[in-house]
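K.L.:
Each chain is listed here by its residues.
There are 4 protein chains.
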Amino acid sequence: MIAGRTGVRQRGRGAVQDLDQLGIVAPVTKWRAECLQTDRIPEYVAAAVHHAMAGAPGVAYLEVPQDVFAASVHPEARPWPTGYADGSRSVPEPTGLRRALDALQEAERPLVVAGSGAFLSGAAEALLGFVECTGIPTTTTSAARGLIDDDHLRCAGGLVHGGIALASADVALVLGSRFNANLLYGGPPLFPPGQRVIQVDVRPENLGGPRRPEVGLTGDIRTTLEALAGSWARPPGALDEWAEKVRQAARASLQTWDAQCDRPSNGVHPGWLARQVAAFAEEQYRSGRGGTFVSDGGDSVVWGIAFSRAHRPGTNLFIGSAMGTLGVGLPFAMAAKAARPDEPVFLFTGDGAFGLSAIELDTAARHRLAVVIVVVNNGGWGDVRHEQRMFYGREADQGAKLSTMRYDLLAEAVGGHGERVVQAPEVRPALERALKAADGGSPAVVDVVTDPEVMSDLMKNLAGLDVM
Amino acid sequence: MIAGRTGVRQRGRGAVQDLDQLGIVAPVTKWRAECLQTDRIPEYVAAAVHHAMAGAPGVAYLEVPQDVFAASVHPEARPWPTGYADGSRSVPEPTGLRRALDALQEAERPLVVAGSGAFLSGAAEALLGFVECTGIPTTTTSAARGLIDDDHLRCAGGLVHGGIALASADVALVLGSRFNANLLYGGPPLFPPGQRVIQVDVRPENLGGPRRPEVGLTGDIRTTLEALAGSWARPPGALDEWAEKVRQAARASLQTWDAQCDRPSNGVHPGWLARQVAAFAEEQYRSGRGGTFVSDGGDSVVWGIAFSRAHRPGTNLFIGSAMGTLGVGLPFAMAAKAARPDEPVFLFTGDGAFGLSAIELDTAARHRLAVVIVVVNNGGWGDVRHEQRMFYGREADQGAKLSTMRYDLLAEAVGGHGERVVQAPEVRPALERALKAADGGSPAVVDVVTDPEVMSDLMKNLAGLDVM
Amino acid sequence: MIAGRTGVRQRGRGAVQDLDQLGIVAPVTKWRAECLQTDRIPEYVAAAVHHAMAGAPGVAYLEVPQDVFAASVHPEARPWPTGYADGSRSVPEPTGLRRALDALQEAERPLVVAGSGAFLSGAAEALLGFVECTGIPTTTTSAARGLIDDDHLRCAGGLVHGGIALASADVALVLGSRFNANLLYGGPPLFPPGQRVIQVDVRPENLGGPRRPEVGLTGDIRTTLEALAGSWARPPGALDEWAEKVRQAARASLQTWDAQCDRPSNGVHPGWLARQVAAFAEEQYRSGRGGTFVSDGGDSVVWGIAFSRAHRPGTNLFIGSAMGTLGVGLPFAMAAKAARPDEPVFLFTGDGAFGLSAIELDTAARHRLAVVIVVVNNGGWGDVRHEQRMFYGREADQGAKLSTMRYDLLAEAVGGHGERVVQAPEVRPALERALKAADGGSPAVVDVVTDPEVMSDLMKNLAGLDVM
Amino acid sequence: MIAGRTGVRQRGRGAVQDLDQLGIVAPVTKWRAECLQTDRIPEYVAAAVHHAMAGAPGVAYLEVPQDVFAASVHPEARPWPTGYADGSRSVPEPTGLRRALDALQEAERPLVVAGSGAFLSGAAEALLGFVECTGIPTTTTSAARGLIDDDHLRCAGGLVHGGIALASADVALVLGSRFNANLLYGGPPLFPPGQRVIQVDVRPENLGGPRRPEVGLTGDIRTTLEALAGSWARPPGALDEWAEKVRQAARASLQTWDAQCDRPSNGVHPGWLARQVAAFAEEQYRSGRGGTFVSDGGDSVVWGIAFSRAHRPGTNLFIGSAMGTLGVGLPFAMAAKAARPDEPVFLFTGDGAFGLSAIELDTAARHRLAVVIVVVNNGGWGDVRHEQRMFYGREADQGAKLSTMRYDLLAEAVGGHGERVVQAPEVRPALERALKAADGGSPAVVDVVTDPEVMSDLMKNLAGLDVM
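As given, the protein sequences belong to chains A, B, C and D, one line each in that order. With our numbering as the guide, the letters of the first sequence map in order to residues 5 to 472. With our numbering as the guide, the letters of the second sequence map in order to residues 5 to 472. With our numbering as the guide, the letters of the third sequence map in order to residues 5 to 472. With our numbering as the guide, the letters of the fourth sequence map in order to residues 5 to 472.
Please keep in mind that the hints were generated in silico from the structure rather than gathered at the bench. Each hint can be trusted.
Here's a subset of chain D near chain C, in silico, CB distances under 10 Å, partners left out:
| hint | residue |
| --- | --- |
| 1 | G16 |
| 2 | A19 |
| 3 | Q25 |
| 4 | P31 |
| 5 | V32 |
| 6 | F183 |
| 7 | Y189 |
| 8 | L360 |
| 9 | T367 |
Glycine is no exception: its CB is placed at the ideal position from the N, C-alpha and C atoms.
Work the whole structure out from these sequences, hints included.
P.N.:
Here is the structure:
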């Protein structure tokens with residue numbers, strides 16, 4: 005991220021927006037600097053890119069004061085010795101690898117949990133190779149969704165469904181994830197006490213913490229998986245039975261979600277809606293169009309995660325931290341559309357979360373990032389309202405009610421396509437028209453009025469787990 | 005500002021949104037703290053309010069971790085010795101007051117420049133008393149607009165018009181403003197080199213800097229004005245002639261703005277539009293309805309400032325720092341409506357600035373803060389585009405073009421009233437309908453397509469003054 | 005404070021000491037900035053001085069990168085509009101003054117508590133005038149010690165002795181002190197619940213907090229005292245009887261300290277030593293030589309405070325915050341010697357505290373700041389050891405034992421005068437020789453071995469008051 | 005580092021030392037946290053140790069408020085899932101290793117530059133194995149001094165001597181060092197433009213920057229060296245001739261330093277002194293006693309570095325960054341003595357640098373860390389004085405003169421052994437007596453008065469290289 009700043013010449017004199025931007029961004033950036041000399045701008049830009057991408061990637065922030073930016077310099081006779089050798093990857097040392105291999109090869113019910121670090125290291129091919137070589141089933145979470153295709157026989161889908169199998173695994177191989185709230189701090193019900201845990205991370209600082217792994221390995225996920233597969237000695241078929249049980253458990257999990265959708269509701273059921281939209285997106289994928297599915301919101305994100313399927317890396321997106329940072333849905337969707345302009349992009353989002361960045365529909369229209377957005381419009385912050393009622397009584401939902409904003413009209417305001425839907429049967433035709441509009445270059449919003457009383461069972465249970 | 009935070013119990017374990025919020029807000033708050041014990045919450049809230057309001061007011065930030073907030077405590081037998089004696093004000097010591105009085109009483113062409121500090125100290129009545137007692141004419145700027153009525157015979161209006169008289173004043177009494185970019189750092193063309201300057205501020209740290217005042221006084225503006233008036237010995241009539249010249253200069257300034265509006269334009273002229281809206285707002289005021297006028301934007305704010313009139317404190321609002329912090333228009337307008345629900349509120353804003361907070365129309369609708377918004381829709385960042393072309397050539401307006409977002413439809417999306425206007429004659433009827441809708445409880449947007457090539461002379465000149 | 009910094013040219017490249025100095029000093033400075041342009045150095049230095057001195061004084065930190073410092077610039081044709089109108093003072097507004105006057109004039113047992121702010125505003129003469137005009141007795145604390153002479157009939161000495169009278173006062177006028185740990189948060193035993201409290205401070209933010217004053221006044225202490233005295237209407241004699249009681253209470257307090265010194269001890273008693281040194285310093289003062297007495301340490305500082313007398317502003321110095329920030333003794337003493345080179349300066353310090361800055365004896369010798377230092381050498385951190393034993397048992401003094409460093413030899417190492425004393429009768433002759441050496445230009449250390457088991461009653465009681 | 009802090013109960017009320025310690029340490033710590041709950045203290049301590057040691061080691065700072073520390077908790081039935089799998093190491097991925105191997109095996113004049121990271125990873129044995137397997141000569145710098153014995157036929161000694169060979173190497177293998185000021189930013193005269201550079205670092209962020217390596221490898225130094233050696237295919241003898249040239253160059257370098265010592269000086273020559281002390285330390289080593297040599301100071305450190313020899317890891321210590329952070333000598337020496345109590349420890353230090361921490365001789369005496377200290381007492385900041393004169397003229401040495409502190413007497417003050425030496429022939433006997441005293445348990449200081457006009461050629465040259 006490169007930002008401007010009050011000029012050095014006017015610093016400290018009450019000039020426009022003269023404030024400590026570096027101080028503000030410090031807690032949320034991996035690297036930050038201010039370039040104070042015009043001839044060093046290339047050097048600083050190179051450093052910013054390097055730090056953003058090296059090792060565990062993160063946000064690098066560079067600011068250039070207005071007058072440093074506006075000045076001119078002649079390129080020096082002796083050019084700056086710039087540059088970085090990026091892309092350097094590491095693998096765990098041999099003894100560590102050996103301990104991991106032993107544990108995995110001794111296991112009767114091993115399971116891979118692939119997390120964000122697996123995605124960030126570009127490990128899709130390596131993970132597929134490892135799974136097919138070893139036969140170990142896999143669940144994917146966070147940014148790693150789709151790293152291995154949900155259709156693959158060794159894939160248990162996302163953690164929301166794969167978690168059941170994880171609870172009965174004897175060895176868990178955790179790739180690129182800390183034991184944070186997302187993983188319930190490495191404890192039950194996901195990780196039972198006696199389970200043997202192997203954790204791989206590019207940053208040794210991330211190993212352990214709330215859960216001590218039996219084997220902690222420092223290394224890039226992609227190259228580590230290649231190294232593990234390269235030394236594997238056991239036939240993959242040995243785990244067929246276990247893998248089938250894993251798939252069954254994931255199917256059973258999905259059925260509990262299906263059952264929730266069939267409960268009576270006063271208006272469109274948000275879970276049913278998620279299932280519809282996911283099915284529609286899946287149709288597009290089956291037809292060869294590819295596609296991306298983004299989920300956002302408090303309770304809505306959970307429905308989206310539960311019903312959407314992931315087939316390829318970076319095509320099933322949601323907030324990285326469990327229940328955190330609402331409003332990333334539209335930016336994620338626009339980025340996916342910019343990356344793969346010919347594929348459809350679906351955003352399934354709660355109305356509260358969507359409102360946080362909905363104005364960026366203007367950006368979507370301006371740059372023709374024609375995404376299809378389904379808004380779960382229940383006129384409120386669903387999960388907050390639920391918690392308030394649970395703790396303080398039914399009348400206590402302070403500040404959690406929203407107005408009945410019509411996001412379909414906002415789509416029209418930016419020159420896009422918008423529809424409001426209040427009955428279940430209207431959903432499918434509306435999706436078809438929305439996709440057609442998007443294919444024509446217009447962002448499209450299907451604003452669906454849903455039952456505000458519905459809350460997913462998962463969200464109800466999480467409130468009691470004290471993860472936040 | 006009171007915020008939540010990750011619970012102390014889960015701190016440091018990868019819980020949701022566990023970040024250093026205090027670090028982030030530090031550069032932009034006057035006071036900040038985290039309350040770590042449930043029984044001290046009242047004490048911390050009292051401290052936050054005290055620090056926000058004491059002396060020079062500012063933002064106080066208090067955060068309470070989720071588990072500290074959720075826990076219960078019994079009120080203690082011995083209550084906390086809480087509380088502050090707020091509202092304590094100071095005046096300059098007698099010798100300083102005497103020097104100021106002498107300089108002002110010797111002056112032939114004295115002028116008052118009332119700034120934000122005058123508004124924040126609630127000095128309207130004291131300023132009126134001072135002006136009528138001394139006969140010294142006054143110009144108002146920033147938050148002090150309207151502290152003395154623009155209709156008053158000793159008022160030269162805002163600094164944009166009063167600045168001409170200021171340049172020929174022999175003594176300037178600056179009340180509650182630093183010599184920052186807004187005041188051109190206390191230098192020409194506003195403050196000529198030989199001018200005698202008296203500066204009053206509640207914080208002695210604010211005295212001087214880029215311009216050294218001949219007399220610097222520490223004290224609350226309101227009580228200082230009372231003290232000055234209480235010791236005044238010269239009849240106010242002695243300055244009648246000078247005051248008339250000041251009024252003439254302000255009128256002459258306004259005429260140069262009028263002349264700009266009459267230049268040919270390709271579509272609605274933004275200056276002409278500002279004049280129309282300001283005139284419409286003035287009609288409401290004359291009819292006894294009161295009203296607030298808010299200006300926002302890059303170049304649009306300048307037109308709004310130039311043509312709108314201020315009659316009472318806090319009813320003519322715009323960004324406090326010259327050209328800084330876009331997007332405050334709608335929040336300001338909503339706050340004015342909440343404070344004075346029976347009076348009309350007009351927001352005159354550029355489209356770029358409006359977009360930054362336009363989604364809050366939803367908030368306006370939800371809380372029935374029915375403001376009338378006129379959007380100067382030129383499809384771009386006018387002043388940025390102008391600067392880019394000036395420095396880098398006509399084709400260089402990178403990133404300064406916006407789409408033709410229809411903010412009238414956004415108003416409809418929130419259940420409000422919206423109209424798009426493309427011809428000058430449609431403006432007045434649209435304003436009438438918008439006001440009627442607002443009186444009925446609906447926020448209203450009149451989205452006016454204007455000529456993107458027009459730039460005010462003031463903005464053109466500022467680019468050359470190197471104030472940013 | 006002006007500091008260097010890695011040059012802008014080498015910033016961010018791993019140059020020597022390239023670290024965020026501004027970040028480090030931020031929590032402990034009032035103002036801080038980095039000057040990035042050579043021609044603005046004078047402007048920044050002026051700003052640093054201004055912010056250090058304006059209003060409530062504090063540390064201003066300015067840093068200049070090496071290459072900015074080393075570059076040369078020609079003075080500009082148009083000089084910077086530099087400068088500040090310093091020294092501007094304020095007084096409380098008339099209504100506040102009136103309420104304070106009413107409360108004080110109605111009082112039967114009023115008492116002034118003069119704190120650091122009174123010293124920092126240079127209020128000695130004003131305080132004397134106020135006391136003599138009103139007859140109200142006074143106690144002084146922190147930097148305000150000596151602001152009114154301990155010999156004065158209306159002076160109750162330091163808070164350690166004056167606190168008893170304060171506890172029975174019906175109205176307390178607190179000048180320039182917050183209700184912090186030093187004032188026991190404005191509560192008992194110093195400030196009883198029903199007492200009427202008037203608080204004056206130059207920063208309205210400092211008014212109230214743990215104790216809400218009945219009257220809170222914003223204003224400079226010196227000018228506020230002048231204003232109060234100027235409106236006083238009651239004869240000073242009316243308070244003669246109360247003033248005599250106040251003096252009696254202070255004398256009674258001193259007697260309890262005397263009694264402690266007479267308890268048997270195993271070696272030199274630290275309290276007896278303090279009384280001896282204070283008496284010796286007092287002799288010098290009586291002989292017309294003036295002099296400064298500095299106290300430092302954990303328990304030692306308490307003895308020094310209790311026995312030393314203050315006659316003039318800035319001549320009785322100790323750590324400003326109750327029990328905080330050890331090691332300031334020698335720097336304070338050297339500063340006093342630099343300010344008043346012809347007067348003797350005595351430092352009475354514990355060995356732990358002294359060790360923190362004892363190496364600066366080298367600085368004292370180099371600049372011929374010839375102070376007389378008496379080290380209470382009990383080979384340990386007395387108060388820490390006491391607390392550890394109290395909480396965890398007699399054998400628990402971990403880390404609180406020091407070696408028997410001979411600070412007299414350190415004095416000789418720097419070319420100064422040093423003596424070690426182990427018997428009480430040797431103290432007086434050693435002090436005489438030390439003073440003689442100091443008068444000859446050599447810093448002198450009298451290192452006295454004292455009984456490590458002795459702890460003052462005050463320190464024992466404080467541990468139970470939970471002030472830390 | 006574990007620190008206390010004002011109790012949570014008294015936070016924000018003006019209690020003793022209530023300041024933002026986390027803010028102060030943030031710029032100089034790798035990790036920092038405050039533990040706010042008594043039952044989480046073990047968890048936080050574990051995290052602090054983990055972060056201090058994981059990956060690139062660094063300072064971890066933990067603070068525990070007084071009341072959190074003083075409270076008691078019962079161990080929970082369910083213990084905290086504490087713990088980390090420390091010691092996890094990584095190696096570069098195979099393709100990177102291959103590129104490095106190819107470059108090294110093709111090289112005619114390869115050289116290893118071992119830096120701090122090599123020491124921190126404990127790579128001594130691995131480096132020796134690599135050097136003997138490949139025959140590549142090595143120079144060591146910073147904390148890596150002694151990682152391979154200076155006596156080894158493939159060791160060129162420290163960078164101060166090995167730098168000449170480095171300048172003519174065709175391939176440089178840089179282990180655990182950034183291209184910072186120490187390495188002259190990876191440019192000439194150490195690293196010529198056409199040289200092929202391979203850089204290995206545990207943190208990919210450290211790769212490149214001012215110098216772009218041809219091959220950048222992410223991995224732990226120890227395991228990377230093992231991996232490289234394991235795949236090496238070329239006989240070591242092939243580099244015999246080059247290795248001999250490297251040794252010759254180092255010898256030639258040492259001769260230039262020898263020559264400097266023989267120049268006439270007015271009193272003891274600091275270089276000659278360094279050579280004497282180094283020779284004496286070397287004698288002890290040869291006699292089988294082992295030993296550590298520490299250098300500190302501005303110019304003095306350079307002499308110490310040039311003449312002292314390193315035989316084992318961690319036994320030749322000086323400031324890690326070129327010319328930075330004075331005053332670490334005594335703490336380093338004491339740590340070495342604590343680690344290897346039976347071996348002699350020599351500290352060769354300038355007087356200015358020594359003064360910064362000299363008072364810790366008290367700590368040395370208390371804990372019987374009996375080190376031998378040779379102070380180069382030239383009564384000033386030698387390098388600063390030199391620079392000032394160079395830039396501003398001979399009379400310009402402001403603030404760079406120190407007094408003639410006698411550090412030998414300081415040693416006596418703490419109960420240690422001290423001697424002052426003013427003639428060269430006295431040095432050797434004094435060292436013998438000092439070592440004898442240290443062997444008896446007393447820290448010993450030999451304070452040698454040296455010629456203040458002498459400045460090493462290296463320091464003179466550095467001033468022109470603009471590295472700071």
